[in-house]
Structures are given as C-alpha cells and as structure tokens.
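Listed here are the chains, written in short residue letters.
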Amino acid sequence: MSGAGNGEKRVLPQAPGATPPAPEQKQVPAWRLLLTLGTAGALAGLLIVFVYQATQPRIQAYKAMMLRLAVSEVLKAPARWDTLYVVDGALTATAPEGVAAGDTVFLGYREDGVRVGFAITGAEPGFQDFIELIFGYDAETNTVLGMKVLSSKETPGLGDKIEKDSAFVAEFEGPEAPLQGVTAARATGAANEVDMITGATISSRTVIGIMNHQLERLGPMLQAYLEEAS
Amino acid sequence: MGDLFWIFISAMVVNNFTLFYFLGLCPFMGVSGRIYTALRMGAADIFVLTIASTCAWFLNTYILPAAPYLRLISFIVVIASLVQITEMAIKKLSPALFRALGIYLPLITTNCAILGLAIFQTNRGYNFLEGLSFALGGGLGLTLALVLMASIREDLLFSKVPEIAKGNAIVFIIAGILSLAFMGFAGLLSV
Amino acid sequence: MPRKGTPGQVLTRGIWRENPVLIQMLGLCPALAVTNTVENALAMGGATFFVLFCSSLLVSSFKRFIPQEVRISTFILIIATFVTIADMTLEAIVPEIHKALGAFIALIVVNCIILGRQEAFASKNSVPRALLDAVGTGIGFIIAMFLMGALREVVGYGSFLGYPLFGSSYEPWIIMILPPGGFLSIGFILIALNWWQRRQLERAKARELVEGALVGRAA
Chain A
152 MSGAGNGEKR VLPQAPGATP PAPEQKQVPA WRLLLTLGTA GALAGLLIVF VYQATQPRIQ
212 AYKAMMLRLA VSEVLKAPAR WDTLYVVDGA LTATAPEGVA AGDTVFLGYR EDGVRVGFAI
272 TGAEPGFQDF IELIFGYDAE TNTVLGMKVL SSKETPGLGD KIEKDSAFVA EFEGPEAPLQ
332 GVTAARATGA ANEVDMITGA TISSRTVIGI MNHQLERLGP MLQAYLEEAS
Chain B
-8 MGDLFWIFIS AMVVNNFTLF YFLGLCPFMG VSGRIYTALR MGAADIFVLT IASTCAWFLN
52 TYILPAAPYL RLISFIVVIA SLVQITEMAI KKLSPALFRA LGIYLPLITT NCAILGLAIF
112 QTNRGYNFLE GLSFALGGGL GLTLALVLMA SIREDLLFSK VPEIAKGNAI VFIIAGILSL
172 AFMGFAGLLS V
Chain C
-5 MPRKGTPGQV LTRGIWRENP VLIQMLGLCP ALAVTNTVEN ALAMGGATFF VLFCSSLLVS
55 SFKRFIPQEV RISTFILIIA TFVTIADMTL EAIVPEIHKA LGAFIALIVV NCIILGRQEA
115 FASKNSVPRA LLDAVGTGIG FIIAMFLMGA LREVVGYGSF LGYPLFGSSY EPWIIMILPP
175 GGFLSIGFIL IALNWWQRRQ LERAKARELV EGALVGRAA
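Those protein sequences? They're chains A, B and C, same order as listed.
Take 152 as the starting number for the first sequence in this note's numbering and just add one per residue.
Take -8 as the starting number for the second sequence in this note's numbering and just add one per residue.
Take -5 as the starting number for the third sequence in this note's numbering and just add one per residue.
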C-alpha cells in the first residue's frame, strides 16, 4: 500500500478502500502501520526540504541586511568592516570550525582605512525578559559610539523607551567607558554619565550593564588585537 | 548558578507559562474547576515537561544540527511518543496513580505548554541544566496558576455571578486579574 | 435532523454558530497571544487557515490509506509538515511579522482546532466537503482573531492596522496589549456574545408566546 497519490505502484493487498462490507475486525498488520507512517514521513520530509531550499536564500539575505543596518548604525556608517571571533580568550579573524562560536565582534573602517571602532553585541535579563543590543566602541579613545536595541520585551510605554526614546539612544554617542547611569537629579556632568529614563530605571540600568559587562570581558582582547594589528 | 535561579524564577512567576505566555490554556479552562484535578494535572505536566526538556536538548545538540528544518516534526513526534510511553509506564508501575491521573495524561499531548517549552528552549539556546531549570520552573508555575484558578473557581460556586458572565466568560476575567497580579513579579530579580 | 449537513451548512456553521474559538473554546493559545495588533492577528489567522486547508485536503484525499491505529500520528505529521512550510514561507516573505508571531507559528501544530477538524470531519468525508468545512472553520477562526485584535489594538494602542485613530491626546490602555488584556478581551467578547444570545432567546420566546396566543384564539 502506498500513500503517494500519483500513480506509482499501487500495491493494495485487499480493497480496504471500498466501504468495509462486513464488521469483521481486520487485524491491520504491523508492517502496514509502519509503512503508512514511513511513507508519510518520507513525503513530509521531501516537501519540507524543497520549501527549505526555496526560502533559505531570502531568509539569509534578510538576516545579513539587518546585521548590516545595525552595525552601520552604531558605527556611524563605516565603509567596511571585519568580522572577528572570540576564540580562546583572543580575537581572531578566522571563523572557528565546528562548535558554535562565542562572541562575534565587528571592526569598522572608514573609507580612508582609519579604524572607526568595534561593534559588540550583548544580552542580559532586563525588567521583563532579555534585552539584546549592539553597541559601537572606540578602543583608542575608550568611548561608546552608539547603541541599537536588537530585541526587547520591556513594558510598552515605559521600558520600551530604551528603543523608542531617541534622546536616550543619543545618550550613548560619546560617553566614556565604564558608563555610569544617573537619574536627571543626580547628574554631575562627568564624561561617563548617561541619563536614565524616568520610570524605566531597571531597563535603562540593564542597557548600561550590558555594555559595561561586555567591555569588562572583551576590553583586554580588543586592546590586544589592536596592538597586534598595528 | 545565578543564571539557573533566574531562569527558574522567571519561568515560574515572572513569565508564567499560562498567565504570560498563554500556553496550556485548554487544560487551564477545563481542569481548573476543582483543586483536586488541578493538582493532578499540574503534577503530570511537571513530569512530562522535565522529560520533554531533556529530549529537546538531546535532539538539539546531537541530531538536529544536521537537519534544522525537521525540528518541529521531530519535537512533536517525540512529545507524542513520550506521553504514550509515560502513560504505559505509569499504568504498569502504579495503577493507583494511573487511575488518579486518568484522562489527563493523554490530554497533555495537545498541551501547547510542552511544545512551547521545547521551542522556547531551542530559541534561547539553553544547555541541559538551563533547560531543566526552565522546565521545572515552568511546570511549577503552571501548577501554581492552575491551583490558584481552581481555588477561586471553587469559591465562585457560592457567589452571585451575573447571568451574562456565567461560564467561560467569568473564568477569563478572573484569569485576566490573576495575570495582572503576576505582573507584579516583573523586575523581581533585577538590581 | 440528519447528521450530514448540506454543503452550505457545512461551510457556514464553522463561521459563526460553531465558531472554533468563541463557541467551541478551541485554539485559545494563539487567539490570546498574538492578537495585540490587528496585523498580527490576521497573519496568524491566515497561517492557521493555510495549514487547516492543506491538512484537510491531504487527510481527506488519503483517508482510505490511513489505518485507524496510526491515524492521529499521521494527522499530526501532516499538520506539522504544513506548519513548517508556513513558518519558513512567512520568514522569507514577511520577516517582521514572523518575528512578531515568533514561536506561536510553530504552536499551530498543537492548535486543537486543526487536529479536531481532521479527526471529526476530514477523515470521514469527501474532499469537497472537507474543504468546505476547512474554509468555514478557518474563516470563523480569522473572524475571532480579528475581533480580539481590533479590540486590543484600538483600545491598547489607539490605532488600527498601524494607523492612529484618536490623535495624540489619547492615553492608550496599555493593559490591553499586555497578557492580562488578552484574557480580559476574550472575557468581554464572551460576555457580549452571551448577552446577545440571551436577547435572541428572549425574543424567540416572546414571539412564540404571541404566536401561541394567536393560534389559541384562532382555534
């Protein structure tokens, strides 16, 4: 018996197709059960693989474009960038084989070849759920260049201001690392201060924390890479 | 270790499976009439969730990297078989428990919480321990929501519910209030 | 009354009288989870419609070849295949919506509506009737999703399909787009439904009384 609907060899043992005449309990043989499931499974698999091949190019292209936009935004439109991988505590330009890479860091260059800075991603739990962002960092002047929230589920109208409030996002263009979040009342004007959003301090603190923690961890590696490259 | 704890608490109360992610609603509506049934369903859920989490982790780590597009199918097949096997095992090992759980076991297959757990776990890239933490927290949260709803509904039998709200309508309104209450847990483990 | 309805009945009963979400209380997970905007609600409705239609088509076409013992597993396999296809297609064509719907596209597999229709109808009826049933149920699902999405977006965002409705002075009821809002919305819609049904019942009763009185007088 074959489940394929288009004229392959149709080996129908009996004619179970016709409405079963007598109520005699036909004991369906196990091989037939397995065959049904197997055929269905095989056909399903084929169909899925076909659609997968058809859709993957567009999906990958979209992902690449989103990444390009994000890196471009936080590094202020660099002409090009290198993709670097964190392997065994150091940055390398070659992608590691097999096991999923740790962090990926992007190093952007201006048209004249001058380095703009690194673009680093990070994610940590915020108020409601994880906040994921990418930020630009200039290792030579130790300043943050810009920030873009990649994904967040914070409270609409409050926590989601970390992406929607352009004044907050602009706070991350130029402060020195490590960043210090302050409420408007306590600001002293220091170079590393960032004004937090009123009513969304936890979300704001998480954003700042992500950057500080990533820089703490990766900072030495970034410096080491720059020294090697020079 | 702190991470594991956050995952556990988050799954249990901050992002409760039923009251925040809307998973497991069919049994929630059907089984939460009495505390007795709610507890049994919750227990069965916790059990299946933890095993499902292990299976999902195993599939994700060793088998699926070769064919990521088969993820959904393999998950659902594994879950359906898992529930079937659990049912047979319980029947053999503890007929009393089997009778107590009764019809709830097969109902778990279509419980979106199990598949939902497998998918969330995959999307977040949890390792083995993190997945277990997630499943335990999620299962306890599910049970918590079920039992809370059941105790309210048992009391509701003695209250005057307006005619137009009787039945499922009032249950949903109560669920909404419960969900609102659980929102208070947000920010629990933040600085 | 014969169990088999006319094709017209098969088509229309899924739309309102036996609406899968509001009357039969099935498929609640997606109905509450992704209805915070009309756009998402309609996208989910469309995806579910696609899966329901294709699954019914296949199950009904091959029902003679599926032995009783493994029918549920086969149904689930067929449904899961189409959900995977819908998932990949959505990601390729409308990636923003795909991201908004997230894991809930995959959860269409355990949407009790689809499995329920295969078990109760598609596996026991001819292909045309099964398709009519699928279309009717699918439309009913989309209507329910639309109602939920419209209520939540208009009140919770002050917009419809992204177009602002009330001007900037409107203070949106954020709660409606958060999880409690989902529960409350369907609760209110059910209350409205109950109220409407009672009114119909009372009207019918009143009509009966009047007719009975007239008949009694005539007799």
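Watch out, some of these pointers could steer you wrong.
To be verified - Derived SDA-like pairs (lysine to any residue); straight-line CA-CA distance at most 20 angstroms:
{"#": "1", "chain 1": "A", "residue 1": "304", "chain 2": "B", "residue 2": "4"}
{"#": "2", "chain 1": "A", "residue 1": "227", "chain 2": "A", "residue 2": "196"}
{"#": "3", "chain 1": "A", "residue 1": "214", "chain 2": "C", "residue 2": "94"}
{"#": "4", "chain 1": "B", "residue 1": "151", "chain 2": "C", "residue 2": "186"}
{"#": "5", "chain 1": "C", "residue 1": "57", "chain 2": "C", "residue 2": "118"}
Please keep in mind that the hints were generated in silico from the structure rather than gathered at the bench.
The hints, checked one at a time:
1. A:304 x B:4: 16 angstroms, holds
2. A:227 x A:196: 45 angstroms, violated
3. A:214 x C:94: 15 angstroms, holds
4. B:151 x C:186: 19 angstroms, holds
5. C:57 x C:118: 8 angstroms, holds
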